[in-house]
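Colleague: Make the full structure from the sequences, and use the hints.
The lines below spell out each chain.
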Amino acid sequence: MIEKALSGSKRYWIWVTLLLGMIAIGFYAYMNQFNNGLGVTGMSRDVSWGLYIAQFTFLVGVAASAVMLVLPYYLHDFKKFGKMVILGEFLAIPAVIMCMLFIVVDLGQPMRIMNVILHPSPRSVMFYDMIVLCGYLLINLVVGWTTLGAERKGFPSPKWVKPIIYLSIPWAVSIHTVTAFLYAGLPGRHLWLSAIMAARFLASAFAAGPAILLLLCFIVRKVSKFNPDPEGGAIQSLVKIVRYAMIANIFFYILEIFTAFYSGIPEYSAALRYTLFGLNGYNSLVPIMWTAVVLAFLGVAILIFPSTRMNGATLTIGLLSIIIANWIDKGMVLIVAGFVPNSFERVVEYAPTLNEVLVTLGVYSIGLLLITILYKVAISVREEKAS
Amino acid sequence: MYKGGKIIASLIIFAALFTIPFFYNMGKVNAGPDVALDTPAIQRLPASEQQCVESPEFMKENHMQLLNQWREEAVRNGQTVYINSQGKKFDISLQDTCLKCHATESASNPVVLNNPANSTGVSNPALNASPEFCASCHDYSAVKPLCWTCHFEPKEAVK
Amino acid sequence: MSINRRQFLRRAGVITALGLGSSFVISGFRKKEVAEAAGFAKAPKDMPAKRWAMVVDMSKFKTEADMNKVVEACHKLHNVPDFGNPKDEIKWIWKDDYHHTFAGGFNEYLDENVMHSPFLVTCNHCDNPPCVKACPTQATFKRPDGIVAMDFHRCIGCRFCMAACPFSARSFNFKDPRTHIDEISPEYPTRTPGVVEKCNFCYERLADGLQPVCVEQSNGGLIFGDLDDPNSEVRKIISTKLTIRRKPELGTQPCVYYLVGGGEHD
Chain A
1 MIEKALSGSK
11 RYWIWVTLLL
21 GMIAIGFYAY
31 MNQFNNGLGV
41 TGMSRDVSWG
51 LYIAQFTFLV
61 GVAASAVMLV
71 LPYYLHDFKK
81 FGKMVILGEF
91 LAIPAVIMCM
101 LFIVVDLGQP
111 MRIMNVILHP
121 SPRSVMFYDM
131 IVLCGYLLIN
141 LVVGWTTLGA
151 ERKGFPSPKW
161 VKPIIYLSIP
171 WAVSIHTVTA
181 FLYAGLPGRH
191 LWLSAIMAAR
201 FLASAFAAGP
211 AILLLLCFIV
221 RKVSKFNPDP
231 EGGAIQSLVK
241 IVRYAMIANI
251 FFYILEIFTA
261 FYSGIPEYSA
271 ALRYTLFGLN
281 GYNSLVPIMW
291 TAVVLAFLGV
301 AILIFPSTRM
311 NGATLTIGLL
321 SIIIANWIDK
331 GMVLIVAGFV
341 PNSFERVVEY
351 APTLNEVLVT
361 LGVYSIGLLL
371 ITILYKVAIS
381 VREEKAS
Chain B
388 MYKGGKIIAS
398 LIIFAALFTI
408 PFFYNMGKVN
418 AGPDVALDTP
428 AIQRLPASEQ
438 QCVESPEFMK
448 ENHMQLLNQW
458 REEAVRNGQT
468 VYINSQGKKF
478 DISLQDTCLK
488 CHATESASNP
498 VVLNNPANST
508 GVSNPALNAS
518 PEFCASCHDY
528 SAVKPLCWTC
538 HFEPKEAVK
Chain C
547 MSINRRQFLR
557 RAGVITALGL
567 GSSFVISGFR
577 KKEVAEAAGF
587 AKAPKDMPAK
597 RWAMVVDMSK
607 FKTEADMNKV
617 VEACHKLHNV
627 PDFGNPKDEI
637 KWIWKDDYHH
647 TFAGGFNEYL
657 DENVMHSPFL
667 VTCNHCDNPP
677 CVKACPTQAT
687 FKRPDGIVAM
697 DFHRCIGCRF
707 CMAACPFSAR
717 SFNFKDPRTH
727 IDEISPEYPT
737 RTPGVVEKCN
747 FCYERLADGL
757 QPVCVEQSNG
767 GLIFGDLDDP
777 NSEVRKIIST
787 KLTIRRKPEL
797 GTQPCVYYLV
807 GGGEHD
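Residue numbers (my numbering), protein chains in the order written: chain A, 1 to 387; chain B, 388 to 546; chain C, 547 to 812.
Among the hints, erroneous ones may be present.
Unchecked claim - According to the in silico footprint, chain C covers these stretches of chain A (three or more CB under 8 Å from chain C):
#1 120-131
#2 197-211
#3 338-345
Everything labelled a hint here was simulated from the structure, so no lab data went into it. Ideal Cβ positions, reconstructed from N, Cα and C, are used throughout, including at glycine.
Modeller: Spelled out as structure tokens, the structure:
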């Protein structure tokens, strides 16, 4: 089936070339980092994780969100998602691969990465994160490829994929839970040391992930003859999922704020004060965080009112607001502010360097290229069937 | 055969590209490293210390595994003494045990060592151009161990 | 007999898998141990202990210079580089004021001098080290004598341990350290870029029967010994005087104790 990605319109090839160019730039920036060490990034002794690990965290959520299509379609027989499920699975695959790449570019000694397997450490959450991420990648590759292959030949999917599909549902939850445990089990970081961290991660994932998927569906409808929502209703159902997940996410965030501020324990609220109001005169994240707050409420509002949620233009704005709000919260602030203030109650700020941003864009371009290829295959198969 | 001509032509091109290094080096067999066992550094040692931790044959074959074992025992288990097959004891130390013999004057020169430009170790000819130092064999067999990015020459020489 | 493409690929795959699999099996059975009669032993002067611990007696540090001497001795011995900026900074032992060292107990009526009086801080070699739990390769591990040690050869530089440590005791080699060491000490190796490092309670000196270098340079301000031994000096101080530890509420059980205004002991 992969040969479908090798023929396409001129627009397709321009887009692929553009992405390859971005990947080349990112690779060049990574070689600079590889040769000169992580000193070329903005990370420091105090803020020892930055943009890379934050992107990893955000993208685990995007990967997990495929379950929001798989679950209604396979468990509740919600037929309207039938055409869309494959797009969810084919979004999960590049998302997991990007997660892995962000881990690799964050390592100080990437050549030694196999030590994680050579010297397995079952007490480390990172060990389990490796297992669940690799497993999730495999599950989605097998399920996506087999179901699409069967559909192409006009057969029903083979029986043996069914159990794997069911397995993918708890597995998707597990990848984001384990990722939350990376942070939620550390004794000295009060912003992360929260029992609802995993719940917050899942809520934000089920908001941002399907929102990204919806935007991709709109693009698919624009550039191809394939309609992911032929009967109508699938898109609006997914919009509802995004809306409720985002409301839950905001609610969980307010719970954190309440406990931190009402208890009055200074350490518990220090990082939140830093992100929302600034601390000891440092406030570089404040405008970014408030942008996220405004966008979160704006997005929810747009997705609540029928007039705005049914309108394609305003719906796009609403979904974008929700994606950006979640990206700021999880793909930037949560990780960075976890280190602020440091364990000496001093504020050390972090800002990514150009090199770091280029590497990040390079990894995202690899992900976009994979999405393009996988979606191209899926769309071509569907177009072929339709004609 | 379908498209037989193209397939055979591509196979020939592939085989040619793949074997270029072999043809390129044919007839140019360069001499192996000249590993000397009686260098001035070794001769200066008392007779009882002129033997390596294990027999030369064993070391030629197994020094890499032995070093890995030393590393595990010394760093992780705090066992800093090695008892060899003859029951003789040695300190587990690259710097103080191995390099007593496997180093030369040029390699131990503090001026060379303290110059930041020379600090990358393995790639530095000043540190390696000696018949008994690791690099004489490793260069020949294109092996690049990373020991010298952290470890140093013998203590006496640096002082 | 002719075979189609699918059959050919399948058979080629099976043969490859068999070949690779059997080579793994064979190499797996080969013993890794190299020298049959060889054995390993502790160094003859090695100091045994069940639980190394340190007491910082603040009354013995009269001036900041007394502390700087300790810090410099450690950093010089262990080839700790000086990058001259806080971003890439690497430190094994350093000083910070009371207010920040014992963060969380802020008291606005406390004497200004106490607030800003410097304290020596280093890795606490906790009984329950979160860094050891976090490490995905066991590059950082707990020795039987209680020291939380680093295996620089194994560290992949993921910095999970830095996020896990509640005391900021760990530093990362963001850049090549060798170019930023004024005078190389041959007593201890340098590090390679991309690994994490921290205080190791001078286990390389303990193997030679020596006290940690900071203790040696502290004029009695740092007392080092086996907490498990009821007759050791550290044990006597901790069991008879009032000592404090950093962030005891986290349950990591730090093994660096601070004797504040303790006066005389022995």
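Colleague: Each of the hints needs a verdict: does it hold here or not?
Modeller: Going down the list of hints, with the structure as the test:
Counting residues of the region 120-131 of chain A whose CB falls under 8 Å from any CB of chain C gives 7; the rule of at least 3 is met. Coverage of the region 197-211 of chain A by chain C is violated [criterion: at least 3 residues with CB-CB distance below 8 Å; count 0]. Counting residues of the region 338-345 of chain A whose C-beta sits closer than 8 Å to any C-beta of chain C gives 6, which meets the bar of three, so the coverage hint holds.
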